[in-house]
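Participant: Read off the chains here:
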Amino acid sequence: AQTVTQSQPEMSVQEAETVTLSCTYDTSESDYYLFWYKQPPSRQMILVIRQEAYKQQNATENRFSVNFQKAAKSFSLKISDSQLGDAAMYFCAYRRAQGGSEKLVFGKGTKLTVNP
Amino acid sequence: NAGVTQTPKFRVLKTGQSMTLLCAQDMNHEYMYWYRQDPGMGLRLIHYSVGEGTTAKGEVPDGYNVSRLKKQNFLLGLESAAPSQTSVYFCASGISQRTSRRAHEQYFGPGTRLTVT
Chain A
4 AQTVTQSQPE MSVQEAETVT LSCTYDTSES DYYLFWYKQP PSRQMILVIR
54 QEAYKQQNAT ENRFSVNFQK AAKSFSLKIS DSQLGDAAMY FCAYRRAQGG
104 SEKLVFGKGT KLTVNP
Chain B
1477 NAGVTQTPKF RVLKTGQSMT LLCAQDMNHE YMYWYRQDPG MGLRLIHYSV
1527 GEGTTAKGEV PDGYNVSRLK KQNFLLGLES AAPSQTSVYF CASGISQRTS
1577 RRAHEQYFGP GTRLTVT
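Residue numbers (this note's numbering), protein chains in the order written: chain A, 4 to 119; chain B, 1477 to 1593.
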């Protein structure tokens, strides 16, 4: 079974600085998708960024980028120029590419605090 | 577009009572999912549906039933609520077309906080 591990229960960063959140996963599949979701205090799950395993290029979305290391099964999220609004729980998630009904497997989350 | 909506947002039940959570999506997505979120556990899949009239079990299905009579709606039922079902419930919908940039993404509703006493 696939598992996702987020080893940092909590992280903090100063406003305008850069922070990296870690995620590792375990799978025997070669084709899959990886996601980072943000959950602010409002509880809404917001998709931040996605990575397709067959693409070597790391995904970027404005201030958010990932470091995808397929061989190491590592998928970290870098937030540049951190803003107060980035404070939230961040969840790493995995999904098989085969079979459209496959579930998302989530890590336990990292709570990010942004200090002014 | 409202996206994914959930009704109700909050609910308190007594042990043994029953209730139904409603999820609706207006994005014409084929796939719909019910997850629960417990402290320190992340989100876990309860049941899912790949199309109207079809449902399947997820990781933690016991104590729950679902129905998908219409493509846009996915209902989650608790027949006899237990304190262990106190949780935040999220509905999600998604597509799975590889040619779409949004393939394999899931879009979440705002959640329902359920407390069973």
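Please note that a few of the clues may not be correct.
[To be verified] Which chain B residues face chain A? A few, computed with CB under 7 Å, are given here:
| hint | residue |
| --- | --- |
| 1 | P1515 |
| 2 | G1518 |
| 3 | L1519 |
| 4 | T1530 |
| 5 | V1536 |
| 6 | P1537 |
| 7 | G1539 |
| 8 | Y1540 |
| 9 | G1587 |
[What the hints assert, rightly or not] Far from chain A, by Cβ distances over 10 Å, these chain B residues were calculated:
| hint | residue |
| --- | --- |
| 10 | M1517 |
| 11 | L1521 |
| 12 | E1535 |
| 13 | T1562 |
| 14 | Q1582 |
| 15 | P1586 |
[To be verified] Derived DSSO-like pairs (lysine-lysine); straight-line CA-CA distance at most 27 Å:
| hint | chain 1 | residue 1 | chain 2 | residue 2 |
| --- | --- | --- | --- | --- |
| 16 | B | K1485 | A | K111 |
| 17 | B | K1547 | B | K1490 |
| 18 | B | K1547 | A | K114 |
| 19 | A | K81 | A | K114 |
| 20 | A | K58 | A | K111 |
| 21 | B | K1547 | A | K111 |
| 22 | A | K81 | A | K111 |
| 23 | B | K1485 | B | K1547 |
| 24 | A | K114 | A | K76 |
Since the hints were derived computationally from the structure, they do not count as laboratory data. Keep in mind that this is a model prediction, so the values were computed, not measured. Yeah, the Cβ is synthetic: ideal placement off N, Cα and C, and Gly gets one too.
Participant: Evaluate each hint against the coordinates.
Facilitator: Results for each hint:
1. P1515: violated, 10 Å
2. G1518: holds, 4 Å
3. L1519: holds, 5 Å
4. T1530: violated, 9 Å
5. V1536: Hint on V1536/B: violated, closest Cβ of chain A at ~11 Å, above 7 Å.
6. P1537: Not OK, violated: P1537/B not within 7 Å of chain A, min 12 Å.
7. G1539: violated, 18 Å
8. Y1540: Where the cut-off is 7 Å and the nearest Cβ of chain A is about 15 Å from Y1540/B, the hint is violated.
9. G1587: This interface hint holds because 5 Å falls under the 7 Å limit.
10. M1517: M1517/B not clear of chain A: closest Cβ-Cβ about 7 Å, inside 10 Å.
11. L1521: For L1521/B, whose nearest Cβ neighbour in chain A is about 4 Å away, the distance does not exceed 10 Å, so it is violated.
12. E1535: violated, 7 Å
13. T1562: holds, 15 Å
14. Q1582: violated, 6 Å
15. P1586: violated, 5 Å
16. K1485/B <-> K111/A: This hinted pair holds, its Cα atoms lying about 23 Å apart.
17. K1547/B <-> K1490/B: violated, 31 Å
18. K1547/B <-> K114/A: With a Cα-Cα distance of about 35 Å, the restraint between K1547/B and K114/A is violated, given a limit of 27 Å.
19. K81/A <-> K114/A: Holds: K81/A and K114/A sit about 14 Å apart, inside 27 Å.
20. K58/A <-> K111/A: holds, 26 Å
21. K1547/B <-> K111/A: violated, 31 Å
22. K81/A <-> K111/A: Holds - the C-alpha atoms of K111/A and K81/A are around 18 Å apart, at most 27 Å.
23. K1485/B <-> K1547/B: Judged against 27 Å, a Cα distance of about 22 Å means the pair holds.
24. K114/A <-> K76/A: holds, 22 Å
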